[in-house]
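**Q** Next come the chains, spelled out residue by residue.
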Amino acid sequence: MSNPALESPKPSPEGLPKVHYLNVDYGIRSWLFTTDHKRIALLYLASITLFFVLGGLFAVLIRLELLTPQGDLLSSESYNKVFTAHGVIMVFFFLIPSIPAVLGNFLVPLMIGAKDLAFPRINLLSWYIYTVGGILTLGALLAGGVDTGWTFYAPYSTVYSNSHVMLVAVGVFINGFSSILTGFNFLVTIHKMRAPGMTWFRMPLFIWSHYATSIIMILGTPVVAIAIALVGIERLFHIGIFDPNIGGDPILFQHLFWFYSHPAVYIMILPSMGVISEVICAGARKKVFGYSFVAFSSMAIALIGFLVWGHHMFVSGQSMYAGMVFSVLSFLVAIPSAVKVFNWTATLYKGSVAYTAPMIFAMGFIGLFTIGGLTGMFLATLGVDVHLHDTYFIVAHFHYIMVGGAIMGYLAGIHFWWPKISGRLYPEGWARFAALIIFAGFNLTFFPQFILGYLGMPRRYHFYPEEFQVLNVMSTAGASILAVGYAIPLVYLIWSVRYGPAAGPNPWKAKGLEWQTTSPPPTFNFDKTPLVTEDAYEYYSAAPAESAAGLTPEKQVG
Amino acid sequence: MTDHQHHVVPVKVYIAILIALLVGTAATVWAARVDLGAMNIAVALAIAIAKATLVVLFFMHLKYSEKLTWVFAAAGVFWLAVLIGITFSDYITRF
Amino acid sequence: MHSGHAAGGGRPPALAHHFDDLEQQKEASTLGMWIFLVTEVMFFGGMFTGYAVYRALYHEAFMAASDHLDLKLGGINTVVLILSSFTMAMAVHAAQTSKRKAIINWLVLTIILGSVFLGIKYVEYGDKFHHHLVPGPHFEFAGAHAQHAQLFFSFYFAMTGFHALHMVIGIGLLLWIIALAARGRFSAEYYNPVENMGLYWHFVDIIWIFLFPLLYLVGHHK
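So the sequences go chain by chain: E, P and Z. First residue of the first sequence: 1, per the working numbering; consecutive thereafter. First residue of the second sequence: 1, per the working numbering; consecutive thereafter. First residue of the third sequence: 1, per the working numbering; consecutive thereafter.
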């Protein structure tokens, strides 16, 4: 059968559509009061990029300080504030919202053939809430910062810290509602607004992963909200809830905190995994291997992910027996992730693989996520974690997943759907170059940290023994390369909005309803409600006309 | 699947539930006055759960709602049980 | 799956542009509200978890502390809130049967009952202040369990405080729904906001159904 590899996308002779969601209305009010999910996605894109840069600046400070073994750039207290700022911003204001708020908001209605999300005004509200939370947190940083670590452990956060805990707590608390509103919007939309013919098992895997993510968002976020609220109450009213002096248990805070914050890491990675499924299938011109396994694995990750939080608390004073149970469950949660990696690899096997930028990011994801995930297994082993807890091994582990995994997935998705979002093609050569720079820079930054952690360098310290300097210098060098790698797409993506060639409706010749409408799409997405007659990823169906459109001929749009 | 969305619950059902809830309240106060040792908390929770169930099924119309709503309501209860149960498992095994 | 009832002539004014028909809109709206309530279950659930842990650890202290709560006022409040759930359910019933005046009357009754609840809570809180039972630097508790009793009162104030906050928000929302009802917005064809208001209100009632025995009935009040 003929299954040629995808070529680099060619400019479309049709040009851009005359009226689309970007030019249908002009002026700041049309953006700030929009209810169009696509515009809201772009509002989020702007805010999230801003926070990413800010979080990155704090990372720069960390890596600069760690060039030398002495704590000479910053005082200890300042360093504590810097890594706290880095963590709070990156976790709550970048990673958790990123793909769902940008790509999810943009694509979920398109992929299921709907005109918008179920609750468009609540969608806009979620962006405003996110912005308010962000401003409060930035205010706290400007006022002098917080030094508790992004984990806010009691009793330091509740009693002893002299920094702006309240302000950040309020900012993060408010931001949580943004997450909850996004999650519940997706759930209702996916349940109630799929186009005719789009059964659950014909949905793109991106939708499955966002569904699973939304489940986590609505079930977990409220618990961290109450944990933070109680910290705030304890601080404000001097009421002891986690205060050991009146019999309170600081570990209770950790239970409530990690009940959310562990599933939160799945909020950060599941959407990325959804992106990878889409990109891999398009880039290999092949149906995904084991669709239902991949779909169910998203749900399994969401479910089992709620049962393992105690693995962050092995050395906290938690019961050893509970620790053992958490350890076993943490091994189990790796299985569905492994299923995905296996299935993506099997999808690539004997596919016609193209090395476009999204594919480079996606394949990078698969490798780096695997390393991050496997190192998670070491940490899930109770005995090993006793030695590695609070060392740089942990830092490397989660950065492999969050940066090597989630962010690579985010970039893969941004590039893959950029033509749909902007109507323009980005420069493929520069994008491939950036992807490779990012891959190289990332590994140079974080692989040495595995070794450092193994050798015993603790995290959250700004001075260290002399013998760790070489590895730290390597890490900082890698970070500078990584920073350059991130800067490049910022430049060419913005450039492409004005000067990129027109993309046309389907530059990747991909399957999926989002490619059956113009680039950029009209405000209500489709001229006619699509009718879905085939499964997802039918890349080599028998009849070319039907398979190219995914629609019966009468209902073809455009 | 459409009709039950607009199912109008008869007023006398609401009145019956109201009376049941008031009886339940009286029962829980009365049961608290009796020393049942460790069973006191179990009885109190059982009565509260029964009252809550009546409110959910009839006042909140869950009985007449589609299955999907049942799934979400059950999920909420289940996840609450996970939170409390697993957290508790730490405390009761700290020897 | 929604084939959508053919929107033959004009679309009903209550139908939003992105839905196919009122039925789809109602299902989405109701499901959304239930999901929101699930988040509220988890929110309060965090506090119930903490409460459960400490009650198990310090049972004697919790019993002694609970004896300082006014069982009569707590009991009256429970009855008041249950009645308000009834009036709220009747308001939804009135909306489903297109009785505009009845909707408003039942909602007003609900607000009155809700306000009575808050009034009684205000009295209770005042009493606690007066007896130095508010956790913090001014806390005083006679007897052996002072330390852990303070923990009880921390949870008492946190849980009933958040509950009261939800009541206040609920009353605000009820006023808004009354305004809409007065303008004739609700009928058997479209009454989603009233139904959703009911779901929220009943949920707040359910939280109290658990708070009452757990906070007021720990000891045996002999």
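Read the hints as simulated data drawn from the structure, not as lab findings. Hints should not be assumed to be uniformly reliable.
Under 8 angstroms between C-beta atoms, here's a sample of chain E residues computed to sit facing chain P [to be verified]:
{"id": "1", "residue": "Ser261"}
{"id": "2", "residue": "Leu307"}
{"id": "3", "residue": "Val315"}
{"id": "4", "residue": "Tyr321"}
{"id": "5", "residue": "Tyr499"}
{"id": "6", "residue": "Pro501"}
{"id": "7", "residue": "Ala502"}
{"id": "8", "residue": "Thr529"}
{"id": "9", "residue": "Thr533"}
{"id": "10", "residue": "Tyr539"}
Think of the CB as a built atom: it goes at the ideal place given N, C-alpha and C, for glycine as much as any other residue.
**Q** So, for every hint listed, does it hold in this structure?
**A** Hints and how they fare:
Because the beta carbon of E:Ser261 sits about 13 angstroms from the nearest beta carbon in chain P, more than 8 angstroms, this interface hint is broken. At its closest, the beta carbon of E:Leu307 sits 7 angstroms from a beta carbon of chain P; the interface hint therefore holds under the 8 angstroms criterion. Hint status for E:Val315 relative to chain P: violated, with the closest Cβ pair at about 14 angstroms, above 8 angstroms. With 8 angstroms as the threshold, the beta carbon of E:Tyr321 comes within range of chain P, its nearest partner Cβ sitting at about 4 angstroms, so the hint holds.
The criterion of a C-beta within 8 angstroms of any C-beta in chain P is not met by E:Tyr499, whose closest approach is roughly 48 angstroms, and the hint is violated. Interface hint at E:Pro501: violated, since its Cβ lies 45 angstroms from the closest Cβ of chain P, which is beyond the 8 angstroms cut-off. Interface hint at E:Ala502: violated, since its Cβ lies 42 angstroms from the closest Cβ of chain P, which is beyond the 8 angstroms cut-off. Hint status for E:Thr529: violated, given a least beta-carbon distance of 20 angstroms to chain P, over 8 angstroms.
Taking 8 angstroms as the C-beta cut-off, the interface hint given for E:Thr533 is violated, the closest approach to chain P being about 23 angstroms. The closest approach between the C-beta of E:Tyr539 and any C-beta of chain P is roughly 32 angstroms, which is over the 8 angstroms cut-off, so the hint fails.
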